[in-house]
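> Sequence:
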Amino acid sequence: MSSATTAALICSIALVAWAAAMRAVAGTWLQPSAFFALWWCFAGILPILLAPGEYVGPNAIVWLVVASVTFSVGAAIGNWGFKTRRLSTPPPTTDRELTVFAIVCLVATILGIGSNVAYVAGTPGVSFADLLDIQKLVIASNQAYLSRFAETGPPPPPPFNRPLLPFVYLAPAMGGALFVIARSLRLKFLAIISFFPAVAVTILQTTKAAMLQAMVLWLSTYFAMRLRRGKLAVFTKAHLLVALSLGAVLAVFFFAVGLARLATTDVALLTTVSGNFASSAFGHMTVFSQWLTEYMNDPFSPTLGAVTFSGPLEMLGYGQRLPGLFENLVDLVTGQTSNVYTGFRPLIQDFTIPGALAMLALVGMIGGVGFRLVAAGRSSAIPLLIIAYVTIFWLPITWFWIYNSLTATVLAVGIILWFVRVWRGKERVATS
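Going by my numbering, the letters in the sequence shown line up with residues -9 to 422, in that order.
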């Protein structure tokens, strides 16, 4: 471990202290002011501990501390302070709310599976019979992986594949909320299998992001709905047990995906795959630290949203989003390369450091408003809280809102909750 990395580890004490302070004044980790700092205690410090050979300068940790303070201030403004007045007895979930969530989750899961079916049916060289042959499936997945980075650009998606893609993410977004309010094992099972379309995307196309994005959406709606039900605990025994078990399963799953990217099932190549896994899991702090040093030494003109809004701009025909967003790669000591610069680079590159902090404060404010209203029993404000949660979860990778499908998913959740609120209101008027 270099002296600079040691200094970064020492600086991280301030990040842990800030997270603990926010938890103490907020009373729960679910408050965005505490949630942001807590998440970066894991995403920022664990790479230093688990990959000590990788260089992480103290500049990166100092940035995390400043970003956490800024985000917390924004959340406090939106929450009208760090303390929150919560209902002692939250309103119960209505039958109509449960019905809507279950139906949407089921339909989205089916249509998400339809997106995968459309992909297999419309991709040359891939057949449904290949799904039953592990070797052929691995080769097909490898070809899909290579085509995304071809010099000619990725091939156009098959018909109906892209239009149905948002349902791959809507299913887990509804599944997380449904799991909290479900009153039967059947509905809880439905909430869990809402991951299936995203798992299928990852298997067929070796895009780990699909599975990770589904997890982010599921967890965000899960925690938001738990607050709606008055459940504030995060580190429960059940949560810790599931996290450890799921972590082991995901590690095996992503190792298998790594082998598929190499077009092989030979476990002798696990050493190579483990290097790739380490770079994707822990390389972001090294990459961001080096880029931040370069930027501070020679700041360049802000690109004014060209990266942060690259998804909507591409949809409108004003550019093309690159795979991974950035072409330049950073070499890691594992021998691998990475271009995962975290979500901080798009913000800083587009708006400069003060502008990036202002954007983080704005997201924190939105989350603070959502937390205050949801804690007061306003379920229609859940999307505001989800905006904060998904942004925080995805920041170690990149800016969440560059993905049009994910943005549409959050918007759809908001529309569904608005519909439930209107329907519930009409029911009250009819019975009064």
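Any given hint might turn out to be false.
Simulated crosslink set (DSS-like; lysine-lysine; CA at most 27 Å straight-line) [stated by the list, open to error]:
id : residue 1 : residue 2
1  : K178      : K198
2  : K227      : K73
3  : K227      : K178
Restraint ranges, calculated between C-beta atoms of paired labels, are given here [said to hold, decoys possible]:
id : residue 1 : residue 2 : range
4  : A348      : S(-7)     : 29 to 35 Å
5  : E317      : V239      : 29 to 35 Å
6  : E317      : T283      : 15 to 21 Å
7  : V412      : F150      : 44 to 50 Å
8  : F179      : V15       : 35 to 41 Å
9  : A233      : P146      : 36 to 42 Å
10 : Y285      : P147      : 42 to 48 Å
Rather than coming from a laboratory, the hints here were simulated on the basis of the structure.
Idealized CB from N, CA, C, for every residue including glycine.
> Determine for every hint whether it applies to the structure shown.
Checked hints:
1. The straight-line distance between the Cα atoms of K178 and K198 is roughly 25 Å, inside the 27 Å bound, and the hint therefore holds.
2. Distance check on the hinted pair: K227 and K73 sit about 26 Å apart at the alpha-carbon level, within 27 Å; holds.
3. Taken as a hint, the K227 and K178 pair is honoured in the structure, with Cα atoms around 19 Å apart against an allowance of 27 Å.
4. As the Cβ distance of A348 to S(-7) is approximately 33 Å, the hint placing it in 29 to 35 Å holds.
5. In this structure the hint that E317 and V239 lie 29 to 35 Å apart at CB holds, the actual value being about 34 Å.
6. Checking the proposed 15 to 21 Å range against E317 and T283 shows it holds: the Cβ atoms sit about 19 Å from each other.
7. In this structure the supplied range 44 to 50 Å is violated for V412 paired with F150, their Cβ-Cβ distance being about 31 Å.
8. Take F179 and V15: their Cβ atoms lie about 39 Å apart, and the range 35 to 41 Å holds.
9. Look at A233 against P146: about 39 Å separates their beta carbons, and that is inside 36 to 42 Å.
10. Checking the proposed 42 to 48 Å range against Y285 and P147 shows it is violated: the Cβ atoms sit about 35 Å from each other.
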